[in-house]
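Chemist: Residue numbers are given in my numbering: position 58 of the sequence shown equals residue 61, and the series is strictly consecutive.
No lab work stands behind these hints, which were simulated from the structure alone.
Heads up, the beta-carbon is just placed ideally off N, CA and C, and yes, glycines get one too.
Any given hint could be a false lead.
Derived DEER-like restraints, expressed as beta-carbon distance ranges [as the list claims (entries may be wrong)]:
| hint | residue 1 | residue 2 | range |
| --- | --- | --- | --- |
| 1 | Lys70 | Ser41 | 36 to 42 angstroms |
| 2 | His185 | Pro125 | 18 to 24 angstroms |
| 3 | Gly117 | Leu25 | 26 to 32 angstroms |
| 4 | Ile215 | Thr115 | 44 to 50 angstroms |
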Amino acid sequence: KDKEGNLLRKKARWGDPTQHCLVELAATEIFADMLHLSTYDRQDFAIAALVHDAQKRPEIEKLRGVKDPEMVERVYKESKQFLLDHGVSPRVVELTGRVAHTSLPDFATLETDGGLKLKDIPLVDMAMHYLDDITRGTDLVTFDERIDYLESVAATRYPYNDEGKAIWGGRTFFQAQREIGHMIEEKLAQVAGINNSKELPKIIRDRLFEKINHTCM
Numbered sequence: 004k005d006k007e008g009n010l011l012r013k014k015a016r017w018g019d020p021t022q023h024c025l026v027e028l029a030a031t032e033i034f035a036d037m038l039h040l041s042t043y044d045r046q047d048f049a050i051a052a053l054v055h056d057a058q059k060r061p062e063i064e065k066l067r068g069v070k071d072p073e074m075v076e077r078v079y080k081e082s083k084q085f086l087l088d089h090g091v092s093p094r095v096v097e098l099t100g101r102v103a104h105t106s107l108p109d110f111a112t113l114e115t116d117g118g119l120k121l122k123d124i125p126l127v128d129m130a131m132h133y134l135d136d137i138t139r140g141t142d143l144v145t146f147d148e149r150i151d152y153l154e155s156v157a158a159t160r161y162p163y164n165d166e167g168k169a170i171w172g173g174r175t176f177f178q179a180q181r182e183i184g185h186m187i188e189e190k191l192a193q194v195a196g197i198n199n200s201k202e203l204p205k206i207i208r209d210r211l212f213e214k215i216n217h218t219c220m
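Can you build the whole structure from these sequences, using the hints too?
Modeler: Here it is, written out as structure tokens:
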């Protein structure tokens, strides 16, 4: 924490994604405890959180102004290959791909009636997706705060957002991410024994601060 009590720097920018990854890494231990993850899942979760944005700067440069979802997917595949080439296990690389709107097909399907249905996938995969969705810069925020921010800058930073309508039944990518994310949030809260799923980010954040304070004593 900094002297004002914030996680790392108060206003971190993507010029230093390492700090963002370190915050997610710290949160994985708290979140894994809440979800009662196995030893192997905990380890994979932690490493994935640490390296998931290792190629963030090159991704930003390559995708600036790009509207083609296929190009976006291609760039993310290159990032995965970068991790594999540097010795990261295939399972951890798979987990790093469970973040952002491009991972939504891993979590849900579009039903014939236009609704969305959550798939039955490993809990740690859901945890990875959700943790990245609530980590904005170097702080943990509510799920809706994060998606609100993404939608507020979509016009300039994510011009491909509207392309999601053809994939998700008229929903933009971020609209689909919000709806599917809430479904994931409810599932994770249920496993963690939390009645109000929207309180999940605050609980993770508070427990992380408690651990930091205890460690620093």
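Chemist: Among all the numbered hints in the text so far, which are the ones the structure does not match?
Modeler: 3
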